[in-house]
Amino acid sequence: GENVEQHPSTLSVQEGDSAVIKCTYSDSASNYFPWYKQELGKGPQLIIDIRSNVGEKKDQRIAVTLNKTAKHFSLHITETQPEDSAVYFCAALNQAGTALIFGKGTTLSVSS
Amino acid sequence: DTEVTQTPKHLVMGMTNKKSLKCEQHMGHRAMYWYKQKAKKPPELMFVYSYEKLSINESVPSRFSPECPNSSLLNLHLHALQPEDSALYLCASSQALAGYNEQFFGPGTRLTVL
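Just so you know, the protein sequences line up as chains A and B, in that order. Take the first sequence: its letter number 38 is residue 38 in this note's numbering, and every next letter is one higher. One rule links them: number in this note's numbering = place in the second sequence (from 1) + 1000.
Heads up, simulated DSSO-like pairs for lysine-lysine below, C-alpha to C-alpha not over 30 angstroms straight-line:
no., chain 1, residue 1, chain 2, residue 2
1, B, Lys-1036, A, Lys-71
2, A, Lys-42, B, Lys-1018
3, A, Lys-42, B, Lys-1019
4, B, Lys-1041, A, Lys-42
5, B, Lys-1040, A, Lys-68
Keep in mind that the hints were calculated from the coordinates and are not lab data.
In isolation and in its complexed conformation, chain B is listed as follows:
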């Protein structure tokens, strides 16, 4: 199974709401990633977890809060977002953190902030 799943597919939220994005993989990968992708732009790295510990935080605002409950799951908690945070949020995983490892991407969650 070489699939990364993400839920929900679409999410609409107000600026005062709290919501969470979920990501799951069962490939035994020990590195998991959150990316943000705006329309017609490349993915931008937000967070990286390696062995369930936060390894990289690309200076992301605190209204985004990642969580890695176990080696298969990755969450992104959202609170007090701004309209400019509307984007496609992609989750990815790889066997290990080292860059030679192929990153497998999920289909993404399309987030709209009103």
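In isolation and in its complexed conformation, chain A is listed as follows:
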């Protein structure tokens, strides 16, 4: 089945810096890759997603890139702010396309 690896597990940046989180997946047939942000005491929230027919997608300070050949995708956050501090999870669809397989998460800390 699908397996998703996520790095790094923790990331500390200064306010205004960029942050990059990387994920790799195992199933070359996977075609949907969402990113979720989980703040303390809350459930995960979708922040951006990408489908396999697209190489890059941007939404203001957040972007996701996908390299299908290498089977990896990355989350890029520019001009980080303290409110970006949270745990970020990448995910991929399972083979049946019915459930998400999550990476282990990255704890991002943005200090002002």
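Guided by the hints, dock chain B onto chain A, whose structure is given.
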């Protein structure tokens, strides 16, 4: 209204107790999910309901019993739990079962089993 609500927020129970977790959404979503999340770990899928029918059961022990009384409600009945079942239980919903649909998560129920 893009909110999934869960009650209670916190629950402490003994290993012989029976309790239930509740989840509600009013977005008209036809797929609803239960996840278990341990500290500093990703959510693990437990059950999926599609059109009020159980579609996926990820080999969850029978001490966890899901129920979907109608399209807006999802329950998780708990009985004879073990201390290792202590975790955050998250409910989510999406427009349909297909994976492209955004999953909206509730805030979770923090369960402690003594």
